[in-house]
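As they're listed, the protein sequences go chains D and R.
The first sequence runs 1 to 460 under this note's numbering.
The second sequence runs 1001 to 1212 under this note's numbering.
Don't take every hint at face value.
Unchecked claim - Derived contacts from chain R toward chain D, CB cut-off under 7 Å, selection only: (1) K1031; (2) I1033; (3) S1090; (4) S1091; (5) W1207; (6) I1208.
Said to hold, decoys possible - Here chain D is said to cover these stretches of chain R; the calculated rule only asks that three of the stretch's residues, wherever they fall, bring their Cβ under 8 Å from a Cβ of chain D: (7) 1115–1125; (8) 1194–1200.
No wet-lab data here; the hints were simulated from the structure.
Being a predicted model, the structure only gives us computed values, none of them experimental.
Glycine included, every Cβ here is placed at the ideal spot set by N, Cα and C.
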Amino acid sequence: MPRTLYDKLWDEHHVSKLDTGESLLYIDRHFIHEVTSPQAFEGLQKKNIKPWRLEANIATPDHNVPTERGDAFSTQHIDDEISRIQVVELDKNCNKFGIKQFDISSSHQGIVHVIGPELGYTIPGMTIVCGDSHTSTHGAFGCLAMGIGTSEVEHVLATQTLKISKLKNMNVVFDGTTMPGVTSKDIILYLIKTIGTAGGNGHAIEFSGNYIESISMEARMTICNMAIEAGAKVGLVAPDETTIEYVKKHTFLDEQNLNNAIDYWHSLKSDTDAVFDKEIVIDVSKIKPQVTWGTSPEMAIDYDELIPSNESKNLVLARDYMGIDDNQKLSDLKFDKVFIGSCTNSRIEDLRDAAKVIDGKKISPSIKEAIVVPGSGAVKNIAESEGLDIIFKEAGFIWRDPGCSMCLGMNPDQLEPYERCASTSNRNFEGRQGNLGRTHLMSPAMAAYVAVNGTVGDLS
Amino acid sequence: MTNINSIKGIVASIDRDNIDTDQIIPTEYLKSIKKFGFGEYLFDGWRFHDQGKLGMSIDQRDLNHDFILNKETYANSSVLLTRDNFGCGSSREHAVWALRDFGIKAVIASSFGDIFYNNCFKNGVLPIVLNKDQIQDLFLQYENSGSDMTINLETKLIDTGNNQISFDVDDNLLERIIYGLDDVDITLKHKDLIKRFEEERMKEKPWIFAHD
Ligand code: SF4
Chain D
1 MPRTLYDKLW DEHHVSKLDT GESLLYIDRH FIHEVTSPQA FEGLQKKNIK PWRLEANIAT
61 PDHNVPTERG DAFSTQHIDD EISRIQVVEL DKNCNKFGIK QFDISSSHQG IVHVIGPELG
121 YTIPGMTIVC GDSHTSTHGA FGCLAMGIGT SEVEHVLATQ TLKISKLKNM NVVFDGTTMP
181 GVTSKDIILY LIKTIGTAGG NGHAIEFSGN YIESISMEAR MTICNMAIEA GAKVGLVAPD
241 ETTIEYVKKH TFLDEQNLNN AIDYWHSLKS DTDAVFDKEI VIDVSKIKPQ VTWGTSPEMA
301 IDYDELIPSN ESKNLVLARD YMGIDDNQKL SDLKFDKVFI GSCTNSRIED LRDAAKVIDG
361 KKISPSIKEA IVVPGSGAVK NIAESEGLDI IFKEAGFIWR DPGCSMCLGM NPDQLEPYER
421 CASTSNRNFE GRQGNLGRTH LMSPAMAAYV AVNGTVGDLS
Chain R
1001 MTNINSIKGI VASIDRDNID TDQIIPTEYL KSIKKFGFGE YLFDGWRFHD QGKLGMSIDQ
1061 RDLNHDFILN KETYANSSVL LTRDNFGCGS SREHAVWALR DFGIKAVIAS SFGDIFYNNC
1121 FKNGVLPIVL NKDQIQDLFL QYENSGSDMT INLETKLIDT GNNQISFDVD DNLLERIIYG
1181 LDDVDITLKH KDLIKRFEEE RMKEKPWIFA HD
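Bound-form chain D, shown alone (with noise of 0.2 Å):
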C-alpha cells in the first residue's frame, strides 16, 4: 500500500498495537524546558522510576529567562522570585537526573526549537516530542515532531514512548513564486486564515510543492512551526538536499553514520500515489504580505485590506479587545512596539530580513520600544559577526539575549495593556504579550517596516 510521508514515520517508530486500540510509539527525542516538565519530574521521583534513555533528552530554559543578562548572568540573578524557582527547578531535575542542559549561562542557550536543530539534536526521521505546542518545529526535518502536554512529558521520560492513536493524513501543496517582501511566514498565515485555526485538528500535515521545495530550512521551520496554529499538531516537510545540507552543517554524527543516515533520509518522502485524507492546493503567488488584526492567527487579512467589519459575535469580541473601529485598515493603526522574535523568527535568516528593511534608517518617533531577540546564542553570535546588531541598534532598537521573550507575557518583556505590538511571534491571543496588550503577528520585514514607519505598508 502506497503510504504517505507520516505514514512512514509512523510506521517505523510504531512498537506495539494495544488491546486499548491505541499504540505505543517510540520517542527518539525529548526537548525539555522549564514550565512543562517540573510536575513530571516529580510524578517520576513519586514513582521513583529513573528516565529510561538519559541521551534522548536536551533541556534549555527559555520561557522565563530575562533577555537582559549581559555576562556572567546566572539563574540567581533573576529577579521574578516565582520564575527563578522554576528555572532553579529545572537546573535541580537535570543535575539530579543527569539531563543534558544547556542553561542559563551557556553560550548555546536559546528558545529550545531554536537550539535543537541547529546544535544537531534534531535529526531527520526522527519522532521528537516537547511540552510544548511548537515542537511541530522540527518536523520541517522530515521529523514525526509534536507538542505533549506534561502527563505525556512523564510517560515519555518513563518509557521513551508515547501512548497515542493515528492521526490523518493532510497535504498541503504550495506551489508557485511569490511576490517581493513575502515570506514564509505570510504562507504559513495565509494558509491559517484560509483553513481556520481548526482546519487541521486530528490531521498530521504534509507540506509540499515547488514553493516548499525552493525554500530554505529556516523557512521550512517557520511554517511547520505554525501548523499548530492551523489545529495540527505535526507539520512535516520531506527531507532533501536543502535538509541534507543542513544536517551536514549542523551536526555531530560521525562520517559512517551520517552517510548511512542520508541513504535511509532519501526514502523518507510520500509515495506518489499515497492517498490524504484532505488535501489544498495554494498558488502562493498571488498572497501579498499577511497581517493579522484579532485575536486568532485565523484573523489575518492582506495588510492594505479593510478590517473586516462584519457582526458575528467572534469578530465583535475581537474588534473590541483590538481596540479597532469601523471601516479602519491595518495602515490606520499606530503601533507603540515592535517585537523580532520567536521559534516563528527569530533565527539568522529572519534578522537578516528584518535588518534590510532597517539599514541605515532609525526607527520611528511614535514607537516606544522595538527589540530584537535572536532565537539562541548562535544565532546571536552569527548575527553579531555580520553586524546586523550594529544596524539594528542604530536604527534604535534594543539588541537583546536568547529566550522567548515577548511571544507570551512570562518574563519581563511585555506588553503595557492596550498597548500594539508589531509581532514576529505565532500567537496574538488576548494577553498573551501581557494583560489586555494587543497582537498584530506579522514577517520580519513588515515589523522591521513598522518599527521604521509606525504602522504596515507596502514592502515591495
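Got chain D sorted already, so can you dock chain R with the ligand onto it with the hints?
The following block gives chain R with the ligand in isolation, referenced to the frame of chain D:
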C-alpha cells in the same frame, strides 16, 4: 479510588469559538511548579478586572461580576458548554488542571484542540464533542438558565431533563476517567517490548542514538 460513573451538575456556558488555553489559564500562572491550585485563576483575564499574580487569592482580586463563573448560580458549575475548537493553542496541561481545580468535570464543545483533548483524559475531565446543531440546542436550554444535567459515562448519554443526547468517545480514553488510571504504570507493563524495539532500532539506525 472510587469509580466515576456519572457527572451531574450545573452547566455554565461561554458563547465563543476558539477559546485558547492562554484564556483558560494565562501564562503568568504557568510559573507554578505544582500540579494543583490553578482553579482560582481559571479564565483569569475574563473573570477579573485586575491583573493577577500567582499566589493571589480571589478575595484580593477585582471580580468581573458579569462573567458567568462569578455569578452565584454558576460558582459550583461542573459542566462547561462552549462552541468550536475549545482548548486550541498552547499545549499547557495547566489549562485542564485549572478546569479540574475549579470543579469542571466535563466540557461540551463542537470540537477541541488536539493536545488539550488528550490532556483532559489524563486528569479526569471529560471532553464531549457534539455537532453544531446539538450545541446550539444546548445553548438554547442552558444559557442563563442555571440548570443542571447528568452525564452517564457508561451509557454515554447526556440527560438534560428534557431529553437524552448520546455522545461518542473512545472507550479506552473514557475508562481512564472512570477508573482514574495512570498511563505510566500501564505502559511499563510492556517494558520488555519497548526494550526489544529499542535494541533493534539501535542496531538498524545507530545515528539516532549517537550523542555529542
Ligand atoms: S517563543 Fe513563544 S511559542 Fe515559541 S516556545 Fe517560546 S513561548 Fe512558545
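Verification of the hints:
1. The beta carbon of K1031 (chain R) is positioned within 7 Å of a beta carbon in chain D (closest approach about 4 Å), and the interface hint is therefore held.
2. Interface restraint check for I1033 (chain R): the shortest CB-CB distance to chain D comes to about 4 Å, inside 7 Å, so the restraint holds.
3. Look at S1090 (chain R): its Cβ gets to within about 5 Å of chain D, closer than 7 Å, so that hint holds up.
4. The restraint placing S1091 (chain R) at the interface with chain D holds, with a minimum CB-CB distance near 4 Å, inside the 7 Å limit.
5. Here the hint on W1207 (chain R) is kept, as its CB sits about 4 Å from the closest CB of chain D, short of 7 Å.
6. With a cut of 7 Å, the hint placing I1208 (chain R) at the interface with chain D holds, because the nearest CB-to-CB distance is about 5 Å.
7. Evaluation of the coverage hint for the stretch 1115–1125 of chain R: fulfilled, as 5 residues show C-beta separations to chain D shorter than 8 Å, against a requirement of three.
8. Against chain D, the stretch 1194–1200 of chain R contributes 3 residues with a C-beta closer than 8 Å to a partner C-beta. That satisfies the three-residue criterion, and the hint holds.
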